[in-house]
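J.: Each chain, written out:
6 protein chains.
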Amino acid sequence: MELELDELEEFRLYRERMNKRVLSAKNLGIKRFFALDTRAYEASALDAKTKELLGLVASTVLRCDDCITYHVIRCVQEGVSDTEFFEAMNVALIVGGSITIPHIRRAADILDQCREKKRKGHTLDI
Amino acid sequence: MELELDELEEFRLYRERMNKRVLSAKNLGIKRFFALDTRAYEASALDAKTKELLGLVASTVLRCDDCITYHVIRCVQEGVSDTEFFEAMNVALIVGGSITIPHIRRAADILDQCREKKRKGHTLDI
Amino acid sequence: MELELDELEEFRLYRERMNKRVLSAKNLGIKRFFALDTRAYEASALDAKTKELLGLVASTVLRCDDCITYHVIRCVQEGVSDTEFFEAMNVALIVGGSITIPHIRRAADILDQCREKKRKGHTLDI
Amino acid sequence: MELELDELEEFRLYRERMNKRVLSAKNLGIKRFFALDTRAYEASALDAKTKELLGLVASTVLRCDDCITYHVIRCVQEGVSDTEFFEAMNVALIVGGSITIPHIRRAADILDQCREKKRKGHTLDI
Amino acid sequence: MELELDELEEFRLYRERMNKRVLSAKNLGIKRFFALDTRAYEASALDAKTKELLGLVASTVLRCDDCITYHVIRCVQEGVSDTEFFEAMNVALIVGGSITIPHIRRAADILDQCREKKRKGHTLDI
Amino acid sequence: MELELDELEEFRLYRERMNKRVLSAKNLGIKRFFALDTRAYEASALDAKTKELLGLVASTVLRCDDCITYHVIRCVQEGVSDTEFFEAMNVALIVGGSITIPHIRRAADILDQCREKKRKGHTLDI
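Residue numbers (our numbering), protein chains in the order written: chain A, 1 to 126; chain B, 127 to 252; chain C, 253 to 378; chain D, 379 to 504; chain E, 505 to 630; chain F, 631 to 756.
The hints are simulated quantities; they were obtained by calculation from the structure and are not laboratory data. Treat the hints with caution; some may be incorrect.
Each computed EDC-like pair below joins lysine to aspartate or glutamate, with the alpha-carbon atoms no more than 20 Å apart [claimed, not checked]:
1. F/K656 / D/E462
2. B/K152 / D/E462
3. E/K530 / B/D235
4. E/K530 / A/D37
5. A/K31 / E/E520
6. D/K398 / A/D109
7. B/K157 / D/E420
8. C/K272 / E/E620
9. B/K157 / C/D334
10. D/K404 / A/E16
11. A/K49 / B/E210
12. A/K31 / F/D712
13. F/K679 / E/D551
14. C/K301 / D/E456
15. A/K49 / B/D173
16. F/K650 / D/E494
17. B/K175 / A/D109
18. C/K278 / F/E672
19. E/K524 / E/D570
20. E/K530 / B/D238
21. D/K404 / A/D47
22. B/K157 / D/D384
23. A/K31 / F/D739
24. E/K535 / B/E210
25. F/K661 / D/D384
26. D/K427 / C/E330
27. E/K530 / A/D109
28. F/K656 / C/D334
29. D/K498 / D/D384
30. E/K530 / B/D173
31. A/K20 / F/D739
32. F/K679 / E/E582
Partial selection, computed: residues in chain B whose CB lies under 8 Å from chain E [what the hints assert, rightly or not]:
33. K157
34. R158
35. D208
36. P228
Every residue, glycine too, gets a C-beta built ideally from N, C-alpha and C.
Use the sequences and the hints to build the structure in full.
T.: The structure is reproduced here in structure tokens:
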């Protein structure tokens, strides 16, 4: 189980390190895109929780495990319940079909790792 | 403008006619999938408006104009505001990239046709 | 109905004309790819009907209407029954999700146009 | 080689464990989708072997390694020969392009692991 | 032929009108994305012609006709020759497979319309 | 770091071994496709460097890590600079959206491994 909790930390560290690397390339377009990406999920007319669910479902139908991991962590931070999580996953499953199932399995795995981490009193960083 | 309003009606009639045709084939799997599809968007832990926004963003990143048209109409029926609509579209644009822009243009077009139809006192059926 | 039958003919003529145009460009890679494309569906260990069903399902989950139209016509030529057609579509629907439904509607429409054309004693060319 | 045979078992165990986890969430839509997914491949007008080949090609053009692994195992169980397997892969390659090649490499790897497992007299479960 | 030339103008006018509509929504994220989109194709270490070819091939493998039309027009403006155009299309065809062929047919059609427009001394706007 | 350099070698060896396995199947269509794939990137009207950038961007928007790894190595062999690399990645990011970011992170990682390998005087094979 400790090993699995490490999966979240490994994801976070690689993502952080390589984002720095990519941004170090001084490509202004990429740098600005990263800023827009962050802002797109900030609360406005739609709240942050709804926007994270949108990001989660979009990532699931497009089948990107790293994007799913990121949005599952953010959904947990925004207080998404298990029932809400699986209702969103059901929309993704219906829209995207059985090809999304392996990603839904991994999303549920990440969700459980996040819950376990919080249960143990660890912080859940991204 | 009358011509454009017809676009919604044309969409509705073709969709209705061909859904009947497909269901007339007596394939039990397809019939049950259609039932699951409808139920996935019913209010539960997540409300119907949020679920329609999830369907709209999923359809936009997967770039299916007919699915987008359907969910724009349903979003309008569920009371999504223009600001909320474009915030959802912004998430789709960030996740899915410029390849979604032609679909966002058509989604905005459909949104305007829905608003116009309601302004004129017409019902907005799906 | 006559109008709808024209849809098949319009498809065939545009496809034929533009294939000629593309091949006129004397790009050897494109020319050879077109030859491989034709041969991939020829009967061998798997018969032509099975291969056309593979092409139909692949085109449906990738959601390309022109490719679907082509393979529906070829499936009819190879003697695929309506029941077999909808069982293949059900696999595509399950794998690919509701995003394939607009394409399944159009595939059923094309199927009906092919059946109508044959019922009238017209040839079904591609 | 023992290590590679473990890959099939690891896949099976994770899939089984996480399917249970996902279904434990008591989301009726997801539960019913899983049932439809199973039924879509049962013999009817099209036999089970043809349906598994449809699932395999659909998974390959959509480029999902877990789905490919599942359908390769099922194809072997249904008696698909190597020649039939590679003819189906050729259709996938032509429809989906070189982007499917890494998945075809892994599909061939899984196929060989399945053959090896059967050669050794082990059962091939899913 | 005049009719076909109108296709380019119709595309340009709808694109221009709906871009204005989308930008009128005052969504800052969308507005900034549109700016980044324009800048991504400006000459820098890679020249504008190479960048347009990158945009054309990306649009072709992702199979977006509107995006293809846009980049074909821009490629013609940047002086891409027919031979270069079809070599780029060949890369797209190999990477993306036969599913791109209907889009390559339409891309060749748009290319011919652009050449015809220039031959007649008309300006080729976007 | 030595470990990461091994990643390139592991990729190369698995690719080489499984390509041989796939080609050993004596499927003429697959064999000919592999030949067309190689030829598509040979210098002609467009030079090899431009064609590799086209392959890299196509692989990135289609989000295939193995294809990206291959084209990053080939781009380095053809003398693509870091600035050119990130300008091409920026086009992929704009066209394909944030869903490409995990792949851009890994592409940058592979690029750094290639540079390190060359810096150490090792050959960079594919």
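J.: Hints numbered earlier in the text: which of these fail when held up against the supplied structure?
T.: 2, 5, 10, 17, 21, 22, 25, 27, 28, 30, 33 and 34
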